[in-house]
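Note that my numbering has the sequence shown beginning at 1, numbered continuously upward.
By construction, these hints were calculated from the structure, which means they are not laboratory data. Hints are supplied without guarantee of correctness; some may be wrong.
[To be verified] Here are the computed distance ranges between Cβ atoms for each label pair:
1) ARG125 - ASP24: 14 to 22 Å
2) LEU34 - ILE95: 55 to 63 Å
3) HIS25 - ALA105: 35 to 43 Å
4) VAL84 - HIS25: 45 to 53 Å
5) HIS25 - PRO93: 49 to 57 Å
Cβ coordinates follow ideal geometry from the N, Cα and C atoms, glycine included.
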Amino acid sequence: MTDDLPDRLARFTRAAVLDTLGGDHVRAARAKGLSDGQVVWRHGLPGALVPVVTAMGLVAGGLLAGDVVIETIFSWPGMGQLGVAAIRSRDYPVIAGFALYAGVAFALVNIVIDLVCALLDPRLRLGDPAEEPA
Numbered sequence: 001m002t003d004d005l006p007d008r009l010a011r012f013t014r015a016a017v018l019d020t021l022g023g024d025h026v027r028a029a030r031a032k033g034l035s036d037g038q039v040v041w042r043h044g045l046p047g048a049l050v051p052v053v054t055a056m057g058l059v060a061g062g063l064l065a066g067d068v069v070i071e072t073i074f075s076w077p078g079m080g081q082l083g084v085a086a087i088r089s090r091d092y093p094v095i096a097g098f099a100l101y102a103g104v105a106f107a108l109v110n111i112v113i114d115l116v117c118a119l120l121d122p123r124l125r126l127g128d129p130a131e132e133p134a
């Protein structure tokens, strides 16, 4: 599954850029006389990277879940193997700690993804509610 991940992300990025290049802001940038490269890099790619970064965040969540499987298969010591051992021995405090660790790690990944998306697209930033149009 991860072998074709770069190819899938590249296709996803290409489709997002092509979708963004059809927007009015890109047409306005071309009307200003910007070159095709400037239009793509300054106006097309930043808007198209938001869904790509979001997709990469989902992949990171899958990697966190896959950690348990990999550590169990290869007998590598780590949090995943600790969680599996705790489940087998019904060690409830360790299971709760492992679930807390996994939940916090997943939440932190999502927060980082949201912050990166807010940096890429100014429309996603929080502002003063009084400034919002009615």
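| Checked against the structure, which of the hints given earlier come out wrong? | none
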